[in-house]
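A.B. asks: Build the full structure now, drawing on both the sequences and the hints.
These protein sequences, in sequence, are chains A, B and C. Residue 140 is where the first sequence starts when you use our numbering, and the numbers rise one by one after that. Residue 6 is where the second sequence starts when you use our numbering, and the numbers rise one by one after that. Residue 1084 is where the third sequence starts when you use our numbering, and the numbers rise one by one after that.
FYI, nobody ran anything at the bench for these hints, they're computed from the structure. Do not rely on the hints blindly, as some may be mistaken.
To give a feel for the contact side, a few chain C residues facing chain B, derived at Cβ under 10 Å [to be verified]:
{"#": "1", "residue": "V1110"}
{"#": "2", "residue": "V1123"}
{"#": "3", "residue": "P1175"}
{"#": "4", "residue": "I1204"}
{"#": "5", "residue": "G1205"}
{"#": "6", "residue": "I1206"}
{"#": "7", "residue": "R1269"}
{"#": "8", "residue": "T1273"}
{"#": "9", "residue": "S1325"}
Residues of chain B placed beyond 10 Å of chain C at every Cβ, according to the derived structure [as the list claims (entries may be wrong)]:
{"#": "10", "residue": "A75"}
{"#": "11", "residue": "L129"}
{"#": "12", "residue": "P146"}
{"#": "13", "residue": "A219"}
{"#": "14", "residue": "R243"}
{"#": "15", "residue": "R246"}
{"#": "16", "residue": "G313"}
Cβ atoms here follow ideal geometry from the backbone N, Cα and C, with glycine treated the same way.
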Amino acid sequence: MRIATMRATVVAVGMLGLLDACGSSGSGGGAATTTATTPGATAVCKGTTQNPGYKNGLTKQPNQATSLSGAGSTFVNSMMSVWTAAYASTGGVQVAYQSIGSGAGIKQVQAGTVDFGDSDAYMKDADIALAKGPVLQIPLVLAPVVVTYNVSGVASGLKLDGETIGKIFAGKITSWDDPAIKSENPTVTLPSEPIATVHRSDGSGTTDIFTDFLTKESPSWVTALGGATQSRGKTVAWPNGIGGKGNDGVSGAVGQTEGAIGYVELGYALTQHLPYANVKNKSGAFIEPCNQTVLAATNGVTYPADLRFDLTDASDPQAYPITGTTWALVYQNQTDAAKAAALINFFSWVLTTGQDMTSTVNYQPLGKDLQQKCIDQLKKLTLNGRPIVS
Amino acid sequence: MTAQAGVDVPVVRPRGRATRWLGGDGAFRVVVTACSAVVLVTIVAMVIFLLVQGFDAMRHYGFFSFLTTARWAPSEATATSASPNPYGILQFIYGTLITSLIAMILAVPVAVSVALYITNFAPLRLRRGLSSLVDLLAAVPSVVYGFWGIFALLPALKPIGGFLASTLGKVPVIGVAFSGPYFGYSYFAAGVVLAIMVLPIIAAVCREIFATTAGSWKEAATALGATRWEVAMVAVYRPSRTGILGASILGLGRALGETIAVTMVIGNFVLSINKSILGQGATMSSVIANEFTEAVEPFHLQALFVVGFWLLVVALVVNIIARRIVAAQAAL
Amino acid sequence: MTSLAIEIEAYSAKRRRRSAAATTGLVMVMVGVLAVLAWVLLYVAVQGFSALAPSFFVSNPPGNPSAVGGGFANGILGSLIVVGLAALIAIPLGILAAIYLAEYGRGRWSNAVSFFTDVLIGIPTIVTGAFVYSVWVIHFGFSGFAGSLALAIVMLPLIVRTTTQMLKLVPDSLREASLALGASRRKTVTRIVLPAALPGIITGLMLAVARAMGETAPLLLTALGNNLFTEVNPGKRMSTLSLQIFDNAISGFKSGQARAWAGALTLVAIVLILTFAARFFARRSRVAQ
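C.D. replies: Okay, structure coming up:
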């Protein structure tokens, strides 16, 4: 009995030591804010983050259309549904957003069949060339891509580094009790189960963020895919595994399959009670994805004028390395005055009031300078060649 | 000429020809003939439109390179390079064939047995009820089969898959086709779902065939002292073998084209042929369903139309052969 | 008894045993098939009933997919609209084509039409969807109407085949009597033959509608779906019950899966009701003759 108690104490102390590896500084505490609903096992993820309370919205445009249609990313879907529901109750404008994947969203924008698109992978020049005109890409919100798994007896917080994850998805590591995983998690009992990788079968911005991280951190992944141009993208040539449709398809497949590992936006893992990993970042610490670590990934980032950037593998010591944003895709030159007014009003609202709703669904608001740049980007909308907002 | 109830008699002078066109008959005939053409026009239009839509890709990469390459990697496609073809569809053809083969192996013996039982062994009172029940299997929509497949069938197949992997998977030559690990989503699971879906079609056609075999043969056999089983074998089964073949090919045609139930349980792995039937894969129809609405890479959408074109060709060929065989049996 | 007689008797006994064993085997296979049917239907029923609530039929899915409750009202309405339009297109075309095959059909053309009608039944519906995409969606966008076009192509050969069979069953004596009384061919068909075959034709129509209600694949490429909002304009993207079941079935949200089970139960119930009603009509038409 005494030996068992001793062993238990050692394990407990060991666990605390592991958990503390994420850093000990407290979060930016603030009063009267919403609490993040992450499990918050690590110290840095405890506590609350402050709602930004942006007030720099654009003046409301009159004579707006009463409905807008949008399509794209499943990554942003939970956030978008909260936004559209709240916006409908305040302004009476119905924004119908179809969550079909970033790839499909870009395609709809190129075809002009929706008022706006949404993608977690920014449109490249080749994509814009296929569109009907110049496209404004406006980041809306931040969120982490988490590595989720379904292994009996393994809870949240499994430590994985980029090379290990890359090897798993490249098919080089095929069993959960592989030494590479065990060496980073000495106290976790890993069963000798085969690993089933789950990836996106549709064109996905989430895939783009995830493979961007793998390209930066996993040489095995890059080699397996045949080079850095092939190892990142909305679709890649996955060498094995199960394909799921949308973020919810991946989380569904992971939940259904014993021994599975996949990548989804944080909200999906939380609402479906799937555990997720602490991923090693550039500075060498194993980081738990949460509000604080996502916001840390934006520290010191300089944003280009066209707002196309990557947040993966950031240099901040507390940054979660698989962080991303999602861009609204809007044609710069609008031809319908009512639609243009509605678009400006909606996105201005999203970039101000909407940012205060993010943590309720485990997304993170844009930082101050990024948000200002987004508002400036929104001002560039023109109607038949003439700027709308003066 | 008196007017009868319900038949009013028009007073129209025939136009001096032997054939009398009365009361708009000419126009009526034109209209119905035109409507009958819709079916043929549709099929021809399908072939043409799919070919036209896929034409750019076929011209860029070469007509046959799609069929000879077994690697589907849209992310590697560029607007200029034409070789190697990143849109090889051989693995989808393989996926379609292997899942249909599994379905046939499972469904045909069962369907023939069921049809034989209903027409020759079942008590007379039960025959119509049993037929209706088997036909009910055909009424369940594909998406419901897929849904049931994920949550009810996959867990039930897990021990079977594990058993196959641990026994047949270890055998020297064929073992690679049964090698694990088995995660549920697989060609095998898709084949089982397909088997359940095509069973009622094969059984219904076989029932028709068995029910219409010459009763005199059965009577003769019984008179000669044959047991029930012998009567069924000699007088019903053996003369109907052509028809059973036709029914099976009809079922095969249905299995080839099934999309939704397959895509929900097959795992959607598109890169290359998965050598094990216990592994994930994709079929021609499942890849179209999954990738169509977001094909943004160069030639991606056209390549999917090429897949659709070949699927149509295969379906047409199989269905034409099947119908011919069934018609030949019916003429017997 | 002679030894030959004993031999014969023994062999007969062996044959009888084989027959009995084979019969038992066939019975077991039959029971197995019925067991699978029961498994499918009962599983859907159990899962569906536990998720079903009256609100399911009148409310749309919640914006937040992890929220419990809500329903597929927009999908049910969309199914009715899309299938209804498809029926409006396919039924007149199908009946007229069947009239041609039954009343005028002689020779190579009608043989070809009849043969290829059966072939069209076997065309994969995803190919039909891709075809309608290339003909309609490319120019006019995704819409409920495009979905109706695809479903009409699926329904048409079924309607043609069953209507032709039913029309051929009408005895020629009716036609001869009508023509002898001086009625035109058109009047004969529309006033005499069609009404006589009507119960059987309605059977075929119901089965075609049941088939169309269950289709998902062609709608993925034409109607695309509209998950959260009710849409009654067939010129816009619409959702159908089958599409919503598909989207929610593969999703990981337990609440979404629950809604999908309720939807699956509803869809199976609709299809079964149509199928049984069709059989009821078929039996009545047989009795009437």
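A.B. asks: Of the hints stated earlier, which fail here?
C.D. replies: Failing hints, ascending: 12, 16.
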